[in-house]
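Visitor: Spelled out from the first residue to the last, the chains are:
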Amino acid sequence: MAPYLLSLPFVALFTVFMAAPILVAVWSSLFRVRRSGLGLGGNEGTEFVGLDNYVLALGRPEFVESFGRVLLYGMVQVPIMLGLALLFALLFDSAVTRFKPFFQLVVFLPYAVPTVVAALLWGFLYQPGVSPLVEWLAGLGVDAQFLAPGTVLWSIANIGVWSYTGINMIIIYSALQAVPRDVYEAARLDGAGELRTALSIKIPMVAPAIFLTVLFSIIGNLQLFNEPAVIRSITSNVTATYTPNMSIYQATTVGGNANLGAAMAVIVGIVTLVVSVLASRASNRGTKGAL
Amino acid sequence: MSAPAPAPVRTLADVASRRPHRRAVGPEGERPSLAFRVVAGVILLVGTIYFLMPVYWLVVASTKTTTQLYSTPGFEFAQNHLWDNLTTLTQYDGGIFWRWLLNSGIYSGVGSILMAAISVLTGYALAIYRFRGRSALIGIVMGSMLVPQTVLAQPVYLLVVELGLNNTYWGVLLPSIVYPFGVLLAFVFAQQAIPREVIEAARLDGAGELRTFLSIGVRMMIPGSVTILLFAFIGSWNSYLLPLLVLNDARLMPITVGLAGWNQASITIPGLQSLTVVGAMVSVLPIVLVFVVLQRYWKNGLALSGGRF
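Residue numbers (my numbering), protein chains in the order written: chain A, 1 to 291; chain H, 1 to 309.
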């Protein structure tokens, strides 16, 4: 009996707040609010519409485009962020001994800043007039436009890099530390240099941890909401439907169509699932090759 | 600033190739060459500037009036108006800012304690017992880690409305308590921290299951649960979309929703800009302090799990 009693709270909460919402979303996505007369008479309950909401969602070019946008965002943001995380993790693992706790804290600290606040902060640093960065670059003769149509996506990506490099560094660093030291010693006696050790031993040894950071970063980026939602208040180049999650929010609140929002949420969920399965397949092939 | 590093892999290769000596295994080992230490130092310096710059700007900006934000150099202190700003912050809208901070404290504090407790219970059960449904439960935990809170926000909101909990504390607090990552951490911690022989010995001594759990399990899992608590706390302190959907009443909002609202309103209400800045600083400070104080838990805690999650 004991293990069932112990896991009961988790299972109960999981059922109510994770499993049930998914069912509610799927159910609700198959209905729509019926309006009477000329749409002035208020709501008259709901009617079953089958997959109409899905057709409606996928028929909106801005919703489909938002997937392309977060995909492009991820293809650039994830390699930069994880490259930096790996670089810092390797430095902390082998080279940096003095002030290591300080530097680790510095890299990790942005994780303690809520992404909403991080976006607020960087928002100020992007705005001409307030930003010392823009001013400084202007002094160098560079006309920096962080919020222009072509650059704002990358300015948002920078917020993600700033916020999440630290946690990924810690995950990779922990994995590096777990590798038995005598493996390196053996490589060193075989005459392998530090670069070879890093590329041929360290990185393959921690490949599962790196894969995990890739997977969670991809999933996280598909859910992009906080940063663009905050940046949107300082530039019109971020639309209300800039990311899939912003579309869901827009449809549910301002759009007043929670059923459409539910259909969109189901679509985002399915895309997330497909992408994670594809990513783990690719990684299985990749790690087999490396080992 | 949008791409903080030139192709990271190249940089790594550069670093390593300029490193003729490598550090031997022990602490007494060879020191890396001067050239390597210089390159590593430069990388760390650039990194430090990049990661600390926004925080430094925040500290400087919080001492300025809205006019000074625009008229004085951003990285330099002007006349100190921090006290005035704090006073205005406290008085604005009947002290709503402190209410938000208190709300965030309630959502994250109560929430993360419950999250950690539930995770420890489940993690202990998974690590110590072999029972029917165990592998299904592990599957549920692993699978639900792939379902981010954000994609669930809208469905959870629909459910919360159905339950009549929208615009209440419960509507935000309850859904956030499901924390599969915490369960996984607790499972790994329990496997490593609690030797099976100790459990067997306790049972032989006639201790019941509950007593064994309370006197051995809980005690041995305390360091692990601090790590879970820390990450759970950060996770819910960060939460934005769900409270944004669930809450209408400004007096129930957490700090993220409140500050983002001010930021948006500051376009039309000029004085709000400096309040947003000071508010951001005041809200970030306590968490940063917690991080500095609890360093060994976010470092060693994750190391303990050996990057296995």
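To be clear, the hints were calculated from the coordinates, so they are not data collected in a lab.
You may find that some hints are simply not true.
Computed from the model, here is a short list of chain A residues facing chain H with C-beta under 8 Å [claimed, not checked]:
id, residue
1, PHE14
2, GLN145
3, ILE218
4, GLY220
5, ASN226
What the simulated footprint calls covered on chain A by chain H, stretch by stretch (three residues with Cβ under 8 Å from a Cβ of chain H suffice, anywhere in the stretch; the number is not a length) [said to hold, decoys possible]:
id, region
6, 47-57
7, 100-113
8, 131-140
9, 259-272
Using N, Cα and C, we set each Cβ at its ideal position, and we do this for glycine too.
Visitor: Checked against the structure, which of the hints given earlier come out wrong?
Guide: Result: hints 2, 3 and 6 break, sorted rising.
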